[in-house]
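Engineer: Construct the entire structure; sequences and hints are all you get.
There are 2 protein chains.
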Amino acid sequence: MLSKKTRYALKALVVLGKNFGEAPIQISRIASEEHIPKKFLEQILLDLRNAGLLFSKKGSGGGYGLVKDPSQISVVQILRITGGPVALLPCVSLNFYQKCDECENETTCGVRDVFVEVRDATVKILSETSIADVIRREKNLVEKFGL
Amino acid sequence: MLSKKTRYALKALVVLGKNFGEAPIQISRIASEEHIPKKFLEQILLDLRNAGLLFSKKGSGGGYGLVKDPSQISVVQILRITGGPVALLPCVSLNFYQKCDECENETTCGVRDVFVEVRDATVKILSETSIADVIRREKNLVEKFGL
DNA sequence: AAAAAAGTCTACTAAATCTATATGCTTTGT
DNA sequence: ACAAAGCATATAGATTTAGTAGACTTTTTT
Numbered sequence: 001m002l003s004k005k006t007r008y009a010l011k012a013l014v015v016l017g018k019n020f021g022e023a024p025i026q027i028s029r030i031a032s033e034e035h036i037p038k039k040f041l042e043q044i045l046l047d048l049r050n051a052g053l054l055f056s057k058k059g060s061g062g063g064y065g066l067v068k069d070p071s072q073i074s075v076v077q078i079l080r081i082t083g084g085p086v087a088l089l090p091c092v093s094l095n096f097y098q099k100c101d102e103c104e105n106e107t108t109c110g111v112r113d114v115f116v117e118v119r120d121a122t123v124k125i126l127s128e129t130s131i132a133d134v135i136r137r138e139k140n141l142v143e144k145f146g147l
Numbered sequence: 001m002l003s004k005k006t007r008y009a010l011k012a013l014v015v016l017g018k019n020f021g022e023a024p025i026q027i028s029r030i031a032s033e034e035h036i037p038k039k040f041l042e043q044i045l046l047d048l049r050n051a052g053l054l055f056s057k058k059g060s061g062g063g064y065g066l067v068k069d070p071s072q073i074s075v076v077q078i079l080r081i082t083g084g085p086v087a088l089l090p091c092v093s094l095n096f097y098q099k100c101d102e103c104e105n106e107t108t109c110g111v112r113d114v115f116v117e118v119r120d121a122t123v124k125i126l127s128e129t130s131i132a133d134v135i136r137r138e139k140n141l142v143e144k145f146g147l
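Those protein sequences? They're chains A and B, same order as listed.
Heads up: the first sequence begins at 1 in our numbering, then just goes up one per residue.
Heads up: the second sequence begins at 1 in our numbering, then just goes up one per residue.
Hints should not be assumed to be uniformly reliable.
Which copy? The list can't say, so a pair holds if one copy fits it or any two copies do.
Lysine-lysine pairs mimicking PhoX-like chemistry, simulated, CA-CA at most 20 angstroms apart [what the hints assert, rightly or not]:
1. K68 / K57
2. K4 / K99
3. K99 / K5
4. K57 / K39
5. K124 / K57
6. K18 / K57
7. K38 / K58
8. K4 / K38
9. K139 / K38
10. K18 / K68
Read the hints as simulated data drawn from the structure, not as lab findings.
Structural biologist: Dropping the structure here:
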């Protein structure tokens, strides 16, 4: 399962993506629109900024904005920044690898082999999907099912 | 990430699968072979038994065994019994659905839409893969990379 | 019949992680 | 100077997970 942190990050980036190119948006606005605790969101946006995804502006009229086009930010990137585990096993994770301490010889582990396949399928989808795609999907869904 | 419980369950079922049709295997043997805390494994095997996957026999010469052929037990089944989350979002889970409390209209959520796709890909792989397949993979890996 | 070998069941504790809040600070615009 | 915003770190609270303990039941062996 993704953490709340990751989920909030995704939601926030979608909001910012819709607003790309315009004036920065305040944390408090995103927080209230998306029902995210403001202080928690602060930390999250800070992480995303420190990772180079967002710019920020202090003072009146300040806020956050995307540094690059939403089509250039993949969902998998966001999971990684916010520490969301993509792989279902630590020994299979590309970015947060850890030995499974119960497992002797990893290279011949059949269970691991299956979850490598799962990881590949997941990474494929999430790296091919950008924030812009998420926004597009949302639009399609609204058209399909009405607001 | 899968819980240790789920991982231990998978490991144990592989051992039992290799032994299908023969005399039952003792918890303590699986525990020491697979480096799993014995008491913890007890609970796990009990769950798997209560779910109808294993039979057990008490007393000397007792132990656990698979009820059906390892080709008839899918990996996804095991995750579900041991409570391992297949979906990455609660609002996307087929068997453990929960509303994302920050999300207003689920039907038009673009993030959700993406993770439905991820879930489908994952479920496909894990439901098409049986314990027998895991054993087969292990065998292939051993041949490929040596013991 | 007694003892030993194994699984059954429930409760509890400890550790880790996640979520959220608090507090004070810095920068920027008016 | 003041207010509006973000920056940074610390800490508390809640939840979940992992593991342990102990007493009980069934079956086999002696």
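Engineer: Is it within, between, both, or neither for K99 and K5, if the alpha carbons may be no more than 20 angstroms apart?
Structural biologist: between (25 angstroms within a copy, 16 angstroms between copies)
Engineer: At most 20 angstroms between C-alpha atoms: does K124 with K57 qualify within a copy, between copies, both, or neither?
Structural biologist: neither (34 angstroms within a copy, 45 angstroms between copies)
Engineer: Is the C-alpha distance from K68 to K57 at most 20 angstroms within one copy, between copies, in both cases, or in neither?
Structural biologist: within (16 angstroms within a copy, 63 angstroms between copies)
Engineer: When Cα atoms must be at most 20 angstroms apart, do K18 and K57 count as within-copy, between-copy, both, or neither?
Structural biologist: Within. Shortest intra-copy distance 18 angstroms satisfies the 20 angstroms Cα cut-off; inter-copy 61 angstroms does not.
Engineer: 20 angstroms Cα cut-off: does K57 pair with K39 within a copy, between copies, both or neither?
Structural biologist: For K57 and K39, only the intra-copy Cα distance (17 angstroms) is at most 20 angstroms; the inter-copy one is 55 angstroms.
Engineer: Treating 20 angstroms as the Cα threshold, decide for K4 and K38: within, between, both or neither.
Structural biologist: within (13 angstroms within a copy, 34 angstroms between copies)
Engineer: At most 20 angstroms between alpha carbons: which applies to K4 and K99, within, between, both or neither?
Structural biologist: between (26 angstroms within a copy, 13 angstroms between copies)
Engineer: With identical chains treated as interchangeable, where does the CA-CA distance between K18 and K68 reach 20 angstroms or less: within a copy, between copies, both, or neither?
Structural biologist: within (12 angstroms within a copy, 53 angstroms between copies)
Engineer: Since the copies are identical, ignore which copy is meant and state whether K139 and K38 lie within 20 angstroms (CA to CA) inside a copy, between copies, both or neither.
Structural biologist: Neither. Shortest intra-copy (26 angstroms) and inter-copy (52 angstroms) distances fail the 20 angstroms Cα cut-off.
Engineer: From the Cα coordinates, with 20 angstroms as the cut-off, is the pair K38 and K58 best called within, between, both, or neither?
Structural biologist: within (16 angstroms within a copy, 56 angstroms between copies)
Of the numbered hints given earlier, the model fails hints 5 and 9; all others are met.
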